[in-house]
Amino acid sequence: MDFQSRLERKGLNRREFLKAVAAATAALGLPAIYEPRIAEAVEKAAAKPPVIWLEGQDCTGCTESVLASFDPGPAEIVLDLLSVRYHETIMAASGTVAESWLEDNIKQGGYLLVVEGSIPTADDRFLTIGGRPFRQIVEEAAAKAGAIVAVGACACFGGIPAAGPTGAKGVQDVVKNKPVINLPGCPVKPTWVLGTVLQYLVFKKVPQLDGNKRPLAYFGTLLHDNCPRRGHFEQSQFLTDWNDPSQKDYCLLLKGCKGPKTYTDCAQSWWNDGVNFCINASSPCAGCTQPEFYAAGPLDHRAGFAPLYVRTDTMSLPGVGGVSPGTVGKVIAGAAVVGAGVHLIGNAATGRLKQEKQEKPGKPDKPEKGRRN
Amino acid sequence: METHHLPQRVAHAVNLTAMVVLAATGFYLHRPAAYGQMGTIRYVHYVAAFVLLANLALRIYYAFLGRYRDYWEFKPNVRSLPQQVKYYLFLSNKDAKQGLYNPLQRLAYLAVILMIILQALTGFAMGWPQGTMSFLVGWLGLAEIRSIHYLFTWLFITFLVIHLYLVFTESPQAFWEMFTGRQRKESRSVGKNMAHERI
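Order-wise, the sequence lines are chains R and L.
The opening residue of the first sequence carries number 1 in full-length UniProt numbering; numbering runs sequentially from there.
The opening residue of the second sequence carries number 1 in full-length UniProt numbering; numbering runs sequentially from there.
Honestly, the hints are just simulated from the structure, not real lab data.
One thing to keep in mind: the hints can contain errors.
What the hints assert, rightly or not - Part of the chain R face toward chain L, derived, beta carbon under 10 Å:
#, residue
1, Asn212
2, Gln237
3, Pro245
4, Gln247
5, Asp249
6, Tyr250
7, Leu253
8, Arg311
9, Ala336
10, Thr350
Even glycine gets a Cβ: it sits at the ideal position worked out from N, Cα and C.
Let's have the full structure, built from the sequences with the hints guiding it.
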C-alpha cells in the first residue's frame, strides 16, 4: 500500500496531511521552511522506520499518555505510521511468538528503541520477560538500535521504582556506550515524544541535550521563569490556605511547589492537548522531569523532591546522607557560640582579659613595608 | 598611629553592611513569608551581592597596589600556626601574631574571601540558571546549589560570631579603631607615643 492510499484510509487527504505537517513543524519550533523536509521524513517514516517499545518497571502511564493524544493530530499520524514492531501493551501477539518477533527485529537492527520504565539492577530476577532478565533485553536491544529514547521518569532516572528495593536505574545507567535521549516526566508528554522522534527522523541525529541528557528544546527553561503565577511570587502572594478563595491563584511555593528547581516547558505547552497543567490546576509542581523527582533522600549527590506538599531543602553530605542545610548551619554556628563561651571562661580563669589591655596598643614588631606616613 | 587606614576601614564597613543585608534578605528568600515583596527583596539581595563583590575586587587591588598596601598581612604563616593554636587552647601565653594578624586570623580572612567567591558562584547559578554558571546547575542540580548557598550563609554567621568574640576578648581597641580610625581615649596617648617612637 502506498503512502497516499494509507493516508486516505485514515481519512486524510493530501492537503490535510500537509496541514498536520505544518502543525508538527510549529510544535517543533522550526520555521516553515522545514515543512517539506518533515513531510518527506514522515513519508519516509511510512516506509517503516521500525520502533521497539520496551516496558520495564513502569505503570504504563507513559504509554497511556502518548496514546491518549486527542485529535487526528500530528502525534497520531506519526505514531501510527511508524512501524511499532513491539509494544507489550498494544500489540496483538503474545507469548513466544511476540518474543521471537522481538528477537528477529533486534537482529535486523537500525530501529528506534523506546524504553519506558526502570531497570532493576539489584537482582535480575526482579523483572524477567519470557524468562530473560529485562536488563539483558535492554542491553541487547540497545546494542543494535539506531537511537535510544528513554520515556518517563522511571526510564530516565529510576523514578518511583527507585524508592523500592530493586535497585531501579534508568537506561542511561545501564546502556553506557550509546547516546540516550531522556524524556522524563511522570508521565511523559506526547509532544516531547512526537517532537523528539520527528526531529530524529528529519535530522538523523540526537538533538541538543542538557546535562541530564534531556532535549534542550523542551527542558531548557525553568518552569518558575515561565509560571503564570510568577507575578504572585514576585509580590510574595503565597497560597497558605487552600480554603481561602482570595488565594486561589496565588503562588504555590509554600505548598511545596518544585517549579523553581524544575526544567520543563509545561507552562508554555500544556498537557492533554493544551487543556491545562499542574500549577494552573492549583497543584504544586512535583518536579517530575527532574532526577530528584520522588526521591525522599539524596539521589546520588542530589537532594530529593518528596514529599509533594512540603518545601524540601535537604542536601546530601558524603557519608552522612540527607540533611537539612539549616540544621547543619545552626549546628556549626551554635558550636562556634558554645566554643566562644567556653573560651571566655578560660580567658577569665587565666586572667588573660586583664593582661591584654596593657599589652595591646601598637603591637607590630615587624618593620613596616608600606609607604606609610 | 593608625593600624587600619581609611580605605581599609571603608572596605570593612562596606563588607559588614553588605553581608548583614545579604544575610537578612537571604533568610527571607530562603523561607519567604506570605507578606513582603519577594521581587524587591531579591533585588536588594542582588545589589548587595554586587556591592560585596565590587568591594572585594577593590580591596584586593588595594592590598597589592594601594597607597597603604597590606597584602603581606594576609600571607598564610603556617609555621607559627601551632603556636597560635596553643595560645588559644591556653597551652601557651604567647601568641604568634606578626604584623596586624595572627596566623589563624590570616587563614580566616582568606577563607572569607574564598567563601564570598563560592557564594557568588552558587548565587549566580541560582539567579541565572541558564547563564555562565549553567554547568554548575547541570553538575550539582539547582536544589543542591540552593542548599549549599544557604549553608554558606551559616558559615558567614559562624565567622561573625568568632570574629566578634575574638575582637572583644583579644583586642577591644581594634574594634573601635576599625570604625573610627582612632583608639579609645584611655589608650590614645599610648598609641601616640608608639607612633612617635616609630618616627
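Comparing the hints with the structure gives:
1. Asn212: With Cβ-Cβ at 7 Å, under 10 Å, it holds.
2. Gln237: Cβ of glutamine 237(R) sits 7 Å from chain L, so the hint holds.
3. Pro245: At 16 Å from the nearest chain L Cβ, proline 245(R) fails the 10 Å test, so the hint is violated.
4. Gln247: 9 Å, holds
5. Asp249: 14 Å, violated
6. Tyr250: 8 Å, holds
7. Leu253: At about 7 Å, which falls below the 10 Å cut-off, the nearest Cβ of chain L leaves the hint on leucine 253(R) intact, so it holds.
8. Arg311: 8 Å, holds
9. Ala336: For alanine 336(R), the interface hint holds, since the closest Cβ of chain L sits about 4 Å away, which is under 10 Å.
10. Thr350: 6 Å, holds
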